[in-house]
Amino acid sequence: MVIVAASSTLVRAARRSRNLTQARLAELTGIDQASVSHHERGRDAAYSTVDRLLAGTGHRLYAAPTRRDDAASSAVAIREHLRARDTDRALRALLQLNDNLTAEHGLVRGILGLTEPENTGDRVWDAAIAALVAWRLNQEDIPLPGWVNNPDRTLTVPVVFRVDPADPAPERDDVPVEFAERGVFAWADTFASV
Amino acid sequence: MGGAALALRYFDRGTTQDLDVLHVNPGSDEPVAAAERVAYKRGWDAKWLNFEVTKADALPTLGRAVEWETIHDADGIVIEVASKEAMLAMKLRANRPGRDTRDIRLLLALCDVHTLEDAGELYEQFYPGDVLTPRAEKIVNAILDGEPTVAPHSPGPINI
Chain P
1 MVIVAASSTL VRAARRSRNL TQARLAELTG IDQASVSHHE RGRDAAYSTV
51 DRLLAGTGHR LYAAPTRRDD AASSAVAIRE HLRARDTDRA LRALLQLNDN
101 LTAEHGLVRG ILGLTEPENT GDRVWDAAIA ALVAWRLNQE DIPLPGWVNN
151 PDRTLTVPVV FRVDPADPAP ERDDVPVEFA ERGVFAWADT FASV
Chain R
1 MGGAALALRY FDRGTTQDLD VLHVNPGSDE PVAAAERVAY KRGWDAKWLN
51 FEVTKADALP TLGRAVEWET IHDADGIVIE VASKEAMLAM KLRANRPGRD
101 TRDIRLLLAL CDVHTLEDAG ELYEQFYPGD VLTPRAEKIV NAILDGEPTV
151 APHSPGPINI
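So the protein lines, in turn, are chains P and R.
Just so we're aligned, residue 1 is where the first sequence starts under the working numbering, counting upward by one.
Just so we're aligned, residue 1 is where the second sequence starts under the working numbering, counting upward by one.
Calculated directly from the structure, the hints in this document are not laboratory data.
Since this is a predicted model, take the numbers as computed values, not measurements.
Check the hints yourself; a few may be wrong.
[Claimed, not checked] Heads up, incomplete: computed chain R residues facing chain P, CB under 10 Å, no partners named: (1) Met1; (2) Thr16; (3) Asp20; (4) Asn95; (5) Pro97; (6) Asp145.
Where is the CB? At the ideal position from N, CA and C, for every residue including glycine.
Here chain P stands alone, though its shape is the one from the complex (with noise of 0.2 Å):
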């Protein structure tokens, strides 16, 4: 099961999921691939062409009762926001994506970490979503989905988390476990409301 936002998002979630490429989804769904390329890049497609695509993957729709962005969408906002260096806002989507896990409690909160995300081009910020996934989800006992562990989106060496050059390095005891297994080094007090 794949819920996100963006139906562009969904697909290429979808097929790198099961490791297909543009060119086997084609094959697979009779959609030629400059079209699967044109819908994962964000034109707009037709409900009946978004099931067809995701049937190609082994994936359907479903509706959650939530309006909340999951993970894959947080993390496609991430990306973008690294791309553009502007790690400032990258925070603000990361942040975004916790008040969203926070918000939503039991099950509704596991499916909005159940979508791997793609690669944000940064494996400090691949594995700071991971452990960001997975510290709310423990909170809940809720089990985690598989790609939280993987082991690509753990640092071999560990990395303080900074935003800005200023950033204070964090103590162990101010480092939520998740973060800490994941070699991210990051504050539990930049999650917190005040």
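Guided by the hints, dock chain R onto chain P, whose structure is given.
Chain R alone, transformed into the frame defined by chain P:
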């Protein structure tokens, strides 16, 4: 905290969707119901107004009075923004790494504060008897020791 105020009045800045709010007239649900109608129309979450701030003692109330500047007043909607000095004091109080650091950096520049002592003095004006926490001091020192920060431009008049 204060993200919308900073983005509307003081500098270019991303924000999260929720808006911290105080209930001016507790018991009256009409503004909350109206906010929910706006949310449905715009596809937002119905709980975009966050009342948590009422419990967190965020607005300074015991010391120097917070000055409010009106930046919009039309059709019964008034938007007032706290002074940059009050925003700086609130951000120094929160001092969440990553989340508040850039705001503190830009507000220090806007308020023309260039030493730790001046930052501490301003803080105590708004929160009498309180001193900056070691983490807030660390952040201020790191900002002042680094490359100078140019005071940011205001985004200009808002257009609703």
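Here is what the structure says about each hint:
no. : hint   : verdict
1   : Met1   : 5 Å, holds
2   : Thr16  : 5 Å, holds
3   : Asp20  : 8 Å, holds
4   : Asn95  : 8 Å, holds
5   : Pro97  : 4 Å, holds
6   : Asp145 : 8 Å, holds
Of the hints listed earlier, there is not a single one the structure fails to meet.
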